[in-house]
Structures are given as C-alpha cells and as structure tokens.
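Student: Put chain B on the given structure of chain A with help from the hints.
Protein sequence lines, in the order shown, are assigned to chains A and B.
Residues in the first sequence are numbered consecutively from 0, following numbering that gives the first Met the number 0.
Residues in the second sequence are numbered consecutively from 0, following numbering that gives the first Met the number 0.
Worth double-checking, as some hints may not be accurate.
[As the list claims (entries may be wrong)] Restricting the straight-line Cα-Cα distance to at most 27 angstroms, the calculated cross-link-like pairs of lysine-lysine (DSSO-like) are:
| hint | chain 1 | residue 1 | chain 2 | residue 2 |
| --- | --- | --- | --- | --- |
| 1 | A | Lys252 | A | Lys179 |
| 2 | A | Lys193 | A | Lys158 |
| 3 | A | Lys50 | B | Lys82 |
| 4 | A | Lys224 | A | Lys248 |
| 5 | B | Lys104 | B | Lys58 |
| 6 | A | Lys317 | A | Lys252 |
| 7 | B | Lys290 | B | Lys275 |
| 8 | A | Lys158 | B | Lys342 |
| 9 | A | Lys278 | B | Lys161 |
| 10 | B | Lys104 | A | Lys50 |
| 11 | B | Lys161 | B | Lys82 |
| 12 | A | Lys50 | A | Lys197 |
| 13 | B | Lys342 | A | Lys193 |
| 14 | A | Lys179 | A | Lys46 |
Hints are computed from structural coordinates only; laboratory data are not their basis.
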Amino acid sequence: MSVITYREAIRHALAEELERDSNVVVMGEEVAQFNGAYKVTEGLLAKFGPKRIVDTPISEAGFIGMGLGASMLGVRPVMELMFWSFYSVAFDQILNNAANVRYMSGGQINCPIVIRGPANGGTNVGATHSHTPENVLANHPGIKVVVPSTPADAKGLLKSAIRDNDPVMFLENTLLYGEKGEVPEGDIVIPLGKADIKREGTDLTIVTYGRSVLHSLAAAAILEKEHDISVEIVDLRTIRPLDIDTVLKSVAKTHRVLIVEEQKPFASVGSQLAFMIQKEAFDELDGPIHRLATIDAPAIYSPPVEVEQLPNPARVLKAALAAVA
Amino acid sequence: MSKKTTATDEKKDAARVSPAAKAPVNAKLTKEERIELYRKMVRIRRFEERSLRAYQAKKIGGFLHLYIGQEAVAVGACSLMGKHDHVITAYRDHGHAIAVGMDTKPLMAELYGKVTGCSKGKGGSMHYFDPSRNYWGGHGIVGGQIPLGVGLAYGVKYLGQKGAAMAFMGDGAVNQGAVHEAYNLAALWNLPAIFVIENNRYSMGTSQERSSAGPGLAQRAEAYGMAWDVCNGHDVYEVRATMDKALNRARDEFKPSVVEIDTYRYRGHSVADPDKTYRDKAEIEEYQRTKDPITLFQKTLLDEGVLNEALVELIDTEARAEADVAADFSEASPYPTVEDIQKDVYWEIDNPAQRASQGRLFFE
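So that you can see chain A by itself, here it is in the shape it has in the complex:
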C-alpha cells in the first residue's frame, strides 16, 4: 500500500496498461511533450515514445472520431479530453458513433475506446468549462460511464475501463487530482458497476459519486459529532452500469435517502436514482427522497459564489438534516 495522488493513480493505471497491451495508445491535446495539461500523463512520452503517447491538434471531433475508427480495428485508444466540457464539439463522434456502431452493425463491431478527462465545476472557469455530462452520456445505451472519487478507485476503475470491449467514458476531476489516498500496490482492478460503501451508518443513506463523496464524508463527520446522526455513504463509482442493489440494501437499512450530485437537477443521475429507489424500495422509505444538486443555472464565475452553487459540506449538512427531519 502506498499513498499517492489521484493524478498519480491514473498515471500508474495508464502506464501499467500501456505496458501490458501494445495496442493501448494514449492520445489527446498536450498529453505527450507538454506532459499533460493537468500533468496526468507526465513522463509517459519519455517512457513509451511517440507511437504510444500522441499529441493531437485541438480538434476533438477529428481525433475522438479517429480513435473510434482505430478502435474498430482493434487498437485500444485512451483519449484525453483536456476538459470533458469539450465533448460538445465531439458529440456526434461520441454519442452517435461510439454509442451506436455496435448496435447498428447488429453486434458485428466493437469499439474498445476510453475517453477520459476532468468533468467538474469549482475552478472558476465559467460555464463553458464546468460541465458534468455523466447524465447526458449515461442516457446513451452502448456507453459506460465511470466517475471515481479516490486514487485507489481511479486506478482500479481505469484499468477495467481500458480492458473493457465497450466504449467507456471516464470522468475525473481537476480538484481531485492532488488528493492523496492509499492505493494497493500492483495490478488492482476494480470492476465497473460495483458501488462502494465509503462510510457505514444507520440513520441516513447518502448516495453520491465523484468529488461529492468527499463533501458528503465531511458532512457525515459533523452530523455524527454534532447531531448524533449516523450516515451511510454509498459511492456509486460507476453510473452505467449502475450498482443499484448496493443502494437499495443501504436504503433498507437506513430508510432515509439523500442524493448528492454535482449535476444540474433536471433529468440528472439523481433523477434516475430517485425513480429507481421509489420503484424498488417504496416500502422501505420513511420519508421522501431528498436531493442536493448544483444550483440550477449555468456555472457562475464569481469564485466564492461558485462554491455555493455546487455541493459543499455545509450544503450537504443542511440537506441531510432536512432529509432526516
């Protein structure tokens, strides 16, 4: 076990998979010579050379589509989006082509591609750079969606994503890149679609993922200490496939649910969760399902106010108290 950052954990996963499979290629803007816009790919060019670590022009529709075409022939591209927000200019390639080629070919073609990069607000970069499209992506059958919250999860899930034969969208977080955590040595592989209980509790289930896990953990500590409320935190880790069984098991234990997500509320991941929980665990609920989401507006720039637009420990605390009231 070693303590490394989320950034390093992703880098280790990339390096190990590049080592393991000669068909894995890392591509994206500034991933090679510049060492990565967020230094995730630092050192990979030196180690693996320009055939495996490829700088692309600023041309998302072009290079994502190109990676997809190569994946049809058995290359396994791991494409970096400098920000997931830039997916909008490659939307047709990702959500018309990657999502649909297998289906429209009657199952004849696989697209083993990974598209990864940060998807988060909270960095004062305004509305164009702060999208969290996991709900949009997960709305497309054929696509898998992963949002890891810890270094260990990031490493283990990315390795699974790269080995997966379906297109996997891997959503990281610039505010997590520097977060440290324990990561087991060696080839750790965490299966997609397996939620993780990040904290056990008995009074309230918080269902969350990504950076909101950290906020929820901070709030849970205060809830326990100051309010004597025991919170269980279910980290989904993967949005599609979705480990709803772990969620339902927790709901059966606590009977109260709060969903915390860095998502605009309309038709969000939480919307889907709430539907499934009420449908499949209606009798277990002692109250309505609550949700804390991003305040419903484009991402505001103003630094102190952006903190309040997103989930944060204080907002989670308040929402949790309302959920158990």
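Tutor: Leaving out everything else, chain B in the frame of chain A:
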C-alpha cells in the same frame, strides 16, 4: 447535329473508348474481371430498383437513398481493395455494400427490417456494415464517418499493415467541420487515407454552386498539403485508374489524398424527395442518355469483344432475378423480436461468460 456522316460516327466511337482503358490497372484485367465489374454495376442498379418498388409497396420504412447513376464509383473503387484496404461511407451505402461483395439477400432484408438483415434489422438502409469485408458502414450523419475513416487508416498504420482506408462522402459533406478536422489529421500524420468525394452535384436539393465556396471541392486538399485529383465517375475504368494512384500513394508512401469523382444520381436525394424543385427533368435525361455508367461500360465491353448481346441480356436477367430473390427472402424472413431490442448494445451483455462488470446496464 448530323448523325449521318461516317466521320462523326467514328468520332463518337473514338470518344466512347475510355482513355483510362490503357492504364495498367485496367489493361491487366481479365475478361472475367471486366465482366464482373459490369455485372456488379448492373446488380446494384437492379437491387436499387427492386428496393424502390418495395418501398413504394410500403415494405420499407424510413429513408431510402438510392445509388442509381453512381454505380461506377463504388464498383470501380472497391474493385481495387486488398486484404488491408477498408471502406467507410455515408448513408447512400447500398452500392458500396454490393461492391465489396455483400450478399444482396441480407441487404434487402435489412431494408425490410428483418432479423435476417445484415445488421439484424437494427440499422436500416443507412447503416449497412460488414467488417469481414472491411466495410465499416453505412453512416447517417453527413461527414460524421470521415474521422472514423481516418481512424481506420491510423489503425492500419499502427498495426503495421500495408493498406489504406477509403472514406467516401458526398459533395455536401465537404462543408462539415469534422471532414476538415479529418483532412488535417490524415495529412499531419501521414495516414493512408483517401477521401473520396462522390460529387453528384447536389447536397440534398442544394447545388454545389449554392453550397460550396472556392474553385473546387477536391482542391481544398491543397490547404492541407494533400494530393488531389478529379475524375469522371461515369467511366469505371477512369475511377479505377484514378483510385489506383491514390491507393498506392497511401499504401506505399502513407500519403493521404482527396479524390473528387464526378457522378450523378437519377433519383431524388431520398425517395421522399419529389425531385421537382432544384433541377430539370431534362438534366436527368441528358445524363441518362449520354453518361450512364452502365450503358457506357456496356458499349466499351461490347467494343472490346468481352461482352455480347446475349451475355448482356443474361446478366440483366440474372440481376433482376437476384433482386427478386432478395425481396422474396426478405418477405419470408421474420422480424426481430422485442427481446432482440436490447441485444447488440453492449459487448459484455452479448458475451455474458466474459462479463467483467457488475450492476445494471439497462433501465426501465
């Protein structure tokens, strides 16, 4: 215009001889290979005509973009394919499918939405695929397939194979951003891609003059330092001669190029296009009379002594019969079931023994 003098007839005969006939790639063709080129063009036309009748009889849903008039392009280009050469195209994709050797029964059945279709009834007219023949679709969004085509070229090069990817598009696609991004990548990285513009003069109902700036479509290649060429797509020999150069440039030198092939579609953009607003009937008739690729090649092969009237008749009869057989096969085939809707979405779901992930992949 006099039709009586011998001199004029000789001149017309001379004009009928394709200047590309002597190109090495054509000169080396055996008699059987020449007949096969002709037969494929006829088979495409009869297939398309039969599918139109099926559409009019309401056997086929959605859109139907017919390839009639453009047959020499797909047949000529695809006849040059080697083991590691690939094809991808847009939604007017039936001709390429037959050209690469797909059986017409599953092609027709796909139009009928039957489970025996080439995509099990899940793709429809615009989405034919056959990776076993290096045919990667069949794509519905104008220009969206072109980056994928560059990816095929990238894959060929990455995997150390000697081959090329032909990415077909219409003249309307050249104004899509994704196409230019693809041009840039192919030229920047010396990828063995050939961008084939099938210029049938109309992007849906908008003529080239009304949609595309600049002196020519293929010339845009110059901006990316790519070679380009223009050729007569009514002449299958010329298509082969031009594409052969581009293919060899790609395979041997990893140099991409843009090839614009002049062609013409006799039918509307799709069968839903009444074809009354943007061109004259006289224009269509002029093309049919003077530039029909099948008629022209038939004359060429008759002149060469490769074809005779009896064989022309036989090939046509067989092609019509084949299209009818395909329609009968489609008619008799079952539809996919409601259970089939959720198959072929995820590799993992279709290969449960090898599934590594957990959790739900489908929702209600």
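Student: Can you give the numbers of the hints that this structure goes against, from lowest to highest?
Tutor: Of the numbered hints, 1, 9, 10 and 12 do not hold.
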